[in-house]
Each structure stands twice: as C-alpha cells, then as structure tokens.
Amino acid sequence: MKYTDVIKLVREANPLIHCITNKVVINFTANGLIALGASPVMASAKEEAAQMVQHAQALLLNIGTLSAADVEAMILAGKEANRLGIPVIFDPVGVGATAYRTETARRILAEVDVTVIRGNAGEISVLGGTSVKVKGVDGSEDGISPRVVQQLARELNTIVIATGKIDILSDGNHTYSIANGHEILSNITGSGCLLGAVVAACAGAADNVLEACIGALCFYGIAAEEAAKTAKAPGSFQIAFLDQLYLLGDQAIDSEKVEQFELEV
Amino acid sequence: MKYTDVIKLVREANPLIHCITNKVVINFTANGLIALGASPVMASAKEEAAQMVQHAQALLLNIGTLSAADVEAMILAGKEANRLGIPVIFDPVGVGATAYRTETARRILAEVDVTVIRGNAGEISVLGGTSVKVKGVDGSEDGISPRVVQQLARELNTIVIATGKIDILSDGNHTYSIANGHEILSNITGSGCLLGAVVAACAGAADNVLEACIGALCFYGIAAEEAAKTAKAPGSFQIAFLDQLYLLGDQAIDSEKVEQFELEV
Amino acid sequence: MKYTDVIKLVREANPLIHCITNKVVINFTANGLIALGASPVMASAKEEAAQMVQHAQALLLNIGTLSAADVEAMILAGKEANRLGIPVIFDPVGVGATAYRTETARRILAEVDVTVIRGNAGEISVLGGTSVKVKGVDGSEDGISPRVVQQLARELNTIVIATGKIDILSDGNHTYSIANGHEILSNITGSGCLLGAVVAACAGAADNVLEACIGALCFYGIAAEEAAKTAKAPGSFQIAFLDQLYLLGDQAIDSEKVEQFELEV
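Chains as they are written, first to last, in full-length UniProt numbering: chain P, 1 to 265; chain D, 1 to 265; chain X, 1 to 265.
Just so you know, the hints here were simulated from the structure itself, not pulled from any lab data. Every value quoted in this text rests on a predicted model; they were computed, and no experiment measured them. There may be inaccurate statements among the hints.
To be verified - Quick partial rundown of chain X residues pointing at chain D, CB under 7 Å, derived from the structure:
(1) Leu9
(2) Lys23
(3) Tyr100
(4) Thr102
(5) Asn187
(6) Thr189
(7) Thr230
(8) Ala233
(9) Pro234
(10) Gly235
(11) Ser236
(12) Ile239
(13) Leu247
(14) Gln251
Idealized CB from N, CA, C, for every residue including glycine.
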C-alpha cells in the first residue's frame, strides 16, 4: 500500500471539487483537476456559493486575488461544507503581504472549520505568528521547522502543509516530510495553488485525510519530476506537467520520498 | 459545398465576437477565437457592455462563473445585440446545479432574444423542463433525444445545440446529428465554452445561421480529431487543438459526419 | 553594452511587479513574468491594492477588462506608486472602443503620474486625439508616425510605446524604432499585455527607464523570433514563447534592431 494509491480513489470517485480561487490560476486549477480525474466547479457568487457545495466532495478556498465579494462567498461556502461534513482546504496565498489579506485569512480560520491549510513556508509562518517577509504570491521562504508546523497544526486543529523544497505536513500529532518535487515548479504560476486543489481532490475521495494529503504531495511532486525529464523550460513544463497528472499512476509508483519525524508533542 | 466552408467566411470577415464569459475559460476562448480567424473582445462592465456590442458581429453570453454584475451586463449587451440584429449565442453552463443559475438562465431567455443555445445534454434537458442531475460544469449527461432538442428549439424559438458524444442540433423544424469530435475534449476545461464562441464566430460571419452552426460543430470536432492524432494527454491536446483551429481548413475537409433526422414536427 | 542586457538586471534583482490587469491575460502575464525572472503579484481589491505596491518595484495598470472596482484600485495603487517613486506602466487596452474606456484612460492619466504608456498604434492615436477606428483588443492599426508618438510623449510627459509591425518609442526628446518581433505574436491573446508587464519588469530593475524600455522591446521581439523558428501555429507558439522568455539571454544576443530618429522637437 502506497500513499499515492489515493489517486486511484480519485479516478474511481471522480469527486466534484468546488473551488473559490484566484483569477490567475483558475484555468490551470480546472485543467489540473480534470487531468487528475476529478471534476472542478467554480462558483463564487454569494447567491449560489453555498448551494453548489451540496454537490461537492471537497471545498477549496484560495485568497490569491481576494475581493470582499469573494470572501463573503468563501465564508458562506465554508460554513455549508462544515454543515455537510466535507473537507475544506484553505490556501492563504500572500498572507502577511497586506493587512487585508492577513485579516481575511484570520477571519476565514475563525468562521470556518478548516480541514487542511496549504501554504508556502512564509505564509504558514505568518499564520503561526512568526514575522517573516513575504515576497509575491509565487515566492517562498524556506526553512520552516517541522516543530513549528506541528505546533501550528495543534493550535489551529487542522492539518498544516508547508510547501517548499521539502514539504512539511502535520496534523499536530504526526509530522512528515515529503521530498518529491522539482525546482522548475517554482517557475510556473499556480503550482502551489493547484497543489491545494489536488489535496482537495484526494481529501474528497479518501477516508483518511492525513494519508490522502501525503499521497497528494507525493503524487504531485513525482508528476513534476517526470515532466521535468523532458521539459526544461516553464512553458513546456506546464504542459508536460498537466500531461503527467493524467498519465501517472496507471503503473506502479516507486519513488515516494516520505519521512516521519519523531517530535515531542 | 461543405458545412465547414463557413470557416473560410470567418477568416475573410474576421468578425469581432463580444464574449461575456466565465473566468475559467476566458483566456482559452480568446486564444481559440484568434486561432480560428475571429477577433475576441471581452467587456463585462455595465458601463460599456452594450456599447461594445456596436463593434461586434456576434455576442456570446456564458454563465459559467456568473455574478450579479455580469448578469446585468449580459442583459444590457443582449438587448443591444437584438436591437442591432446580430446573433446572440447563450451557453447556460451548469444550469440546474443551483437555483440562482437556473433563475438567471430563465431570466436571460426571457429578456433577450437568443439566437442559439449551446449546452451539454444535461443543461439542455434542464431548460427543457426535464429533471436531470447536473454534475459540474464539465460533466455531461448523454442520451438526450433529438425529439426533445427539436421540441425545445420550437418552444424557445431558437436553434438548440446539445453537445455530447454525438451532438444534436435543431431549429425546431430541421434536426441534425453531428458525430465529429474526440473524447479527449472532455479532459480539458472549456471545450464546450470555446465551442459556443466558435459557433458565435461562424454565426457572425455567415448568412445562414443554421448551416453556420452545423459547420462550426463539424469543424470543431474535426480539429479535435486531428489534434488527438498526436496529442494523447490533456496538456498537449489543449495546445495541439489550438494549433488545429488555426491550421485546419486550408486544405479540403472530407470528414464531416452530419445526419438529418426525419421527425414529425 | 546592449539594450537587452537589462534582462540580466531583471534576473539579478527579481523585481516584484504588481499587476492590476485584465482577466483574459492574467495567467499568461504571471507566467511570462516568472519565465523572464521577475515575480508577479496581482491584488486588485481596493482594501489592499495600495499596500501591495509597497513591496513592488513597478506597477502595471491594464484596462483590458476594466470594472469600476478595478479602476478605483488602479488609482489608489497608482498614487501610492507615485508617492514611492516606482515606475507606473499603463496599458490603455481598447481605448476608443467605448466612452467608458476612453474616460477611464483619461482619468488614470489625470490622476496618476504614468511613467510609460504601452499601446498598439490605434490606442496610442486615440490618446493623442487622432480619430481612428479601434478593432477589438487584439487588433492593431499600423502606420502611426514617429512624430505623433514623440508629440504625445511630450504632451503627456511620459515615455510612449506604440507597438505594431515596427514599434515606435519616445520620451518626447528621443525617438526610436524597434523592428524585432514576429507576426505570429498577433495570433495569441495577450501578447501586447504581457509586453507591458515585461516593460514594467525592466523598468523596475534598471536605473535608465528609457533604455530599459528599448531593451524590453528588443528582448520580447527576439524571443518571439526564436520561438517562431520551431512553432508555426498559435498554441505551440504560446508555449515556445514562454520557454524563450526563460531561455534567452544566457548567451549573447546579436539581433537587436533599433534605430533612432532625428526629429525636430
């Protein structure tokens, strides 16, 4: 049994993932989810955001290009997802860069019971109260410690995924590193945002959300490794990566790089 | 004379197609229209949506990521298109999935004189009053009968295109099936939405709108067939398909798959 | 010393470019900037648009799909950029096509001290008061004279870039033509919009903005020339072009086509 077997569940269940996400990555997110075997729906009008959740198996909230109207829709959709018991994945893009973004992220965390938070190390650090400099939405700050991630997961009572060269993942009790991936991922926009959507698809198709997250991170990273074997520049890579999200997994995957930390709780 | 000859008219006239469409597919729609030989313009502010129609040869209304502001712009633009006598193509994405979407679709049909409705079979069934389960915006429900499509075209006094493995098209008196296309189209987002835009381009360049729609469906499907010959996964296919929209048609096209039904009216 | 050496400065400084731009090209713009070596951020909520400028090295304002909310954010961000002394690049997409677009462009020019205006010849002509017919946002009207561009730069006290088969650039005192580029650029959406962003990245990384603009135009055009050597249709070209923005410049570039005009001032 491998973590990446979760993709088989995604392809069997074809979960509908409701994404309230940013304008930059909305097309890439939809194409990535379809390639993976899930179905995307994007409905951010307050008149329908909550009702659309009733069809969905998971909800993604991403504040990359937030507006007051989007935030209202996110809260409505998030509360409905909580009522229905489906997982909510929250991607606090650029939190820390502006007061509005930070306040919005805290508001969402206060009003919605978030299942998984996915951010780069800088964003996660901000949520954890550490002061860091955040650069752009595609920038990343490496070096967050597994202990900080575990602590934050415990405080917020969620799974926390801090992505970077090495991804760190914790549910507050169990903490892992995932070393799959390729640096060229940082040369396309939305690689982190689409990962949030892939986590949502896996969480929506599996019973064990923690293992689903590990599987999502491994699969995503391995797809990037495979794509980078032939595509050496970001335009080509973007396309090869979408192809790999579709192609990978029919044959056995032997390259998961997962380690568990032994940390005091 | 072939139906796909309509593409020559598009390339000669280079019609301007005003698209009020969804955020997921807006880039793909613009690139697809340019590749085909048309010019896109996207202007959804209520302050200018109607005035922009004055430059256009056709108007596309697509509710994939609707908002109250977009709907207002659609109504204003649609009425101006009616006043000017240019074709209005309506794509009721996801109708039936939420009350808001269904009400909006009905409101547009009530306030705007729509020339062509393009939806998947599930969406068309909802407009026709049949209760179906709609899954996502990329989902499709196959199996709508030509008789239902013809009946709906007659009731709504429009051309109706129900897309699926086999597309069904009717103006209420004449009903056709078009069997061109490739299943990999369902693995990219916006393949139905871009088809709506291609229908708009053909309707905007030709005198006979019914024949233009048949030509658009054949051409689009054949472009997918050609692209799928070399591109076997969705990232590559998306690119190869844009290429084919640009390349196809310089040489004679011999693979139209059109059949006319003989139905009682 | 070549103009295109400015790209080395971009890659060293990795400037953050704040883009308030249109929904059609927002993804392509972000990917193009990253490929080039800059970092994009897109934040158009009025609550944060100005504060985000404080992290940025340049600001891009593009009215391709303007709304009242976007315009408010553009003014706030533009004034903050002026206060901080960072360059503001303005792309008046489709100005002249509607009264709202023309009024908005004039309002931005009145309220914000714009450093560089980038438009096609038709758009630039409108700003200069010449009456022309504007066709679509991707259409271009060739034939603007260097004298008109220089005159407009002088009147508006900005650098003006009028793009077309031959690009014309002037700061009111010095006027240049740049003949790099490839006609297939006009077959993809956003080629002009992304150029505005590349100009912003170069202006944000260099001391001499006029030379940075020349370098941006040359580099962009040469990247298109290189991409067009292998990619003959717009889907493939779009990808090859992003690749070239990333790959080009490691080796010496010998194909700059810049000429300076000698015009009476």
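Cross-check of the supplied hints:
| no. | hint | result |
| --- | --- | --- |
| 1 | Leu9 | violated, 29 Å |
| 2 | Lys23 | holds, 5 Å |
| 3 | Tyr100 | holds, 4 Å |
| 4 | Thr102 | violated, 10 Å |
| 5 | Asn187 | holds, 6 Å |
| 6 | Thr189 | holds, 4 Å |
| 7 | Thr230 | violated, 13 Å |
| 8 | Ala233 | holds, 4 Å |
| 9 | Pro234 | holds, 5 Å |
| 10 | Gly235 | holds, 3 Å |
| 11 | Ser236 | holds, 6 Å |
| 12 | Ile239 | holds, 6 Å |
| 13 | Leu247 | violated, 18 Å |
| 14 | Gln251 | violated, 27 Å |
Comparing the model with each earlier hint shows violations of hints 1, 4, 7, 13 and 14; every other hint is respected.
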